[in-house]
Amino acid sequence: MNVGGIGVSHKRAAMLAAIAAVVLALGLPATASAYTTYNGHVLNGGVGNYGSNPRYYYVTASAGYQETVVNNAVYTWIHTTSRLGITTPIYWARTYTQSQSVMDIYHNIYYDPDTGIIASTEQILNNVVINPLATNWNWAKIKLNTPCFDPLSAYNEEGSCAHEMGHVMGLGHTSVTSRVMCQLESGRTVNACQADDANGINYLY
Amino acid sequence: MKLSGRAIASFAGVAVLAAAIVASFMLLGSGVPVQPGQADVIAGLGAGTIAEPAAADGAQLPEQILSCDFAVVYTSVGQLKSVSDLVVRGEVTDVSYLDFNTVVYTKLTLTVAKCFKGDAGVGDEVTILEPGGITTQAYVVGDKFGGPTKADTETKVKVLVDGAPLTQLGDTCLFFLGTGDISVVPGTYYVPMGSFQGRFKIDNGAAKRFVPADWGSKYTSLSMDESTVDSTVAQAAGQ
Numbered sequence: 001m002n003v004g005g006i007g008v009s010h011k012r013a014a015m016l017a018a019i020a021a022v023v024l025a026l027g028l029p030a031t032a033s034a035y036t037t038y039n040g041h042v043l044n045g046g047v048g049n050y051g052s053n054p055r056y057y058y059v060t061a062s063a064g065y066q067e068t069v070v071n072n073a074v075y076t077w078i079h080t081t082s083r084l085g086i087t088t089p090i091y092w093a094r095t096y097t098q099s100q101s102v103m104d105i106y107h108n109i110y111y112d113p114d115t116g117i118i119a120s121t122e123q124i125l126n127n128v129v130i131n132p133l134a135t136n137w138n139w140a141k142i143k144l145n146t147p148c149f150d151p152l153s154a155y156n157e158e159g160s161c162a163h164e165m166g167h168v169m170g171l172g173h174t175s176v177t178s179r180v181m182c183q184l185e186s187g188r189t190v191n192a193c194q195a196d197d198a199n200g201i202n203y204l205y
Numbered sequence: 001m002k003l004s005g006r007a008i009a010s011f012a013g014v015a016v017l018a019a020a021i022v023a024s025f026m027l028l029g030s031g032v033p034v035q036p037g038q039a040d041v042i043a044g045l046g047a048g049t050i051a052e053p054a055a056a057d058g059a060q061l062p063e064q065i066l067s068c069d070f071a072v073v074y075t076s077v078g079q080l081k082s083v084s085d086l087v088v089r090g091e092v093t094d095v096s097y098l099d100f101n102t103v104v105y106t107k108l109t110l111t112v113a114k115c116f117k118g119d120a121g122v123g124d125e126v127t128i129l130e131p132g133g134i135t136t137q138a139y140v141v142g143d144k145f146g147g148p149t150k151a152d153t154e155t156k157v158k159v160l161v162d163g164a165p166l167t168q169l170g171d172t173c174l175f176f177l178g179t180g181d182i183s184v185v186p187g188t189y190y191v192p193m194g195s196f197q198g199r200f201k202i203d204n205g206a207a208k209r210f211v212p213a214d215w216g217s218k219y220t221s222l223s224m225d226e227s228t229v230d231s232t233v234a235q236a237a238g239q
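Sequence lines, in order, name chains A and B. Residue 89 in our numbering is what sits at position 89 of the first sequence, and the numbering runs on without skipping anything. Residue 156 in our numbering is what sits at position 156 of the second sequence, and the numbering runs on without skipping anything.
These are calculated hints, taken from the structure and not from any lab test. There may be inaccurate statements among the hints.
[Claimed, not checked] Far from chain B, some chain A residues (derived; all Cβ distances over 10 Å):
no.	residue
1	Gly40
2	Gly46
3	Gly51
4	Tyr56
5	Glu67
6	Thr68
7	Ser82
8	Lys143
9	Ala154
10	His163
11	Ser175
12	Ser178
13	Val190
[As the list claims (entries may be wrong)] Ranges of calculated distance between the beta carbons of each label pair, as one might list FRET restraints:
no.	chain 1	residue 1	chain 2	residue 2	range
14	A	Thr97	B	Gly118	45 to 53 Å
15	B	Thr179	A	Asp150	15 to 23 Å
16	A	Tyr65	B	Thr127	27 to 35 Å
Just so you know, even glycine gets a beta-carbon here, dropped at the ideal spot from N, CA and C.
Given these sequences and hints, build the entire structure.
Structural data, given as structure tokens:
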């Protein structure tokens, strides 16, 4: 009977372990993959090949004052290995020749402050702004809307730039606040790409 | 009747002058955008207005989607009302489109049927500018790759903010509005709070707003039965 008793005890332990596993699994989504894509569509030509072939971005004259913010945001997307332990192919370099760029950054008065629009990204294929859910794109414009962008803290300015760059590379929104692809209005708490955002890039490229 | 040489010369001069005036207006209305990087100073009325039959809504035009990041989300009628300068229900009686600093707006005239907050009377006409609208391909190209081609300036496109449909002539809407202050057009105008967040289309017995697919559960359409719109808005906190 003791043996049987031990057997029952093992069964109970196994059942508890199974329940624990289920509970754990149900709890996982908060930390598991949260990134979204535009139906898997991407920036044609990729996001570079780290250490060798860069893609280029261009800071227009209108965005000159945001140069540091833009460069910092780019840096956080590139250097994920040391920061997050995740290596991606991302490799951006700045160009001063706009025609070479596949990510142009503008900063201007576009929309009234009450519209709440901080920035927008236009993904473009053959000079047509496309629906990224339907097709890939060749290049993109990021437009920082000064009435809403400039009042942001430096932290959130950088986060918003990084967020728009995620769109350029093919990431959509997530409602998980600890991801850079969460919108600021939805409570984004970070200002740089996180492991899950980087995993999204590795899924796409 | 025989015209003298002087009369013929005068007539020709008037004709040339008229042609020049007409040509000037045509150029103003060509929809060529302000070039990016050159428009750090507001350019007043933007770069032109596109004459588009309002009722058409460009339904056949390709949709171009802007992925936007917002500073604020409004999750209740009370919240919207509290931040608005003007809250009105009415019918859209005029629609046109204009470019401003390389973005496009839809310019609406709303004839007010009911005002819940702010200074507007029944029958008053309110000018509303909504981000997104119909423009030409030229606005996309900007100053890259040598600027837009003739074909770009002739190709019309429909630009949607996060996919939000454009308001159309004849729509009945409830708007939560803020006063525009970047001089997109001369005079007083309003913008929907949070862009499409502050616009409710009243249709098929319900009033509801657009919900982007990827905004999560915190943001909803705030759908109201048409018969309860007035009482819901009137009673909402934020008067």
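Comparing the hints with the structure gives:
1. A:Gly40, annotated as away from the interface, keeps every beta carbon of chain B farther than 10 Å; the closest lies near 15 Å.
2. The claim that A:Gly46 is not at the interface with chain B holds, since no C-beta of that chain comes within 10 Å of its own (minimum 19 Å).
3. Every CB of chain B lies more than 10 Å from the CB of A:Gly51, the least distance being 28 Å, so the non-interface label holds.
4. Every C-beta of chain B lies more than 10 Å from that of A:Tyr56, the closest at about 13 Å, which supports listing it as non-interface.
5. No Cβ of chain B approaches the Cβ of A:Glu67 within 10 Å, the least distance being about 14 Å, so the stated non-interface status holds.
6. Separation of A:Thr68 from chain B is adequate, the least Cβ-Cβ distance of about 18 Å exceeding the 10 Å criterion.
7. Separation of A:Ser82 from chain B is adequate, the least Cβ-Cβ distance of about 27 Å exceeding the 10 Å criterion.
8. With a cut of 10 Å on Cβ distances, A:Lys143 falls inside the contact zone with chain B, its closest approach being about 7 Å.
9. Non-interface status of A:Ala154 relative to chain B is upheld: no Cβ of that chain comes within 10 Å, the nearest being about 15 Å off.
10. Interface exclusion of A:His163 from chain B breaks down, the closest Cβ pair being 6 Å apart, not more than 10 Å.
11. The beta carbon of A:Ser175 sits about 3 Å from the closest Cβ of chain B, which is not more than 10 Å, so the claim that it is off the interface is violated.
12. No Cβ of chain B approaches the Cβ of A:Ser178 within 10 Å, the least distance being about 14 Å, so the stated non-interface status holds.
13. Every CB of chain B is more than 10 Å from the CB of A:Val190 (nearest about 14 Å), matching its label as outside the interface.
14. Look at A:Thr97 against B:Gly118: about 50 Å separates their beta carbons, and that is inside 45 to 53 Å.
15. Take B:Thr179 and A:Asp150: their Cβ atoms lie about 19 Å apart, and the range 15 to 23 Å holds.
16. At about 32 Å, the CB distance of A:Tyr65 to B:Thr127 agrees with the hint of 27 to 35 Å.
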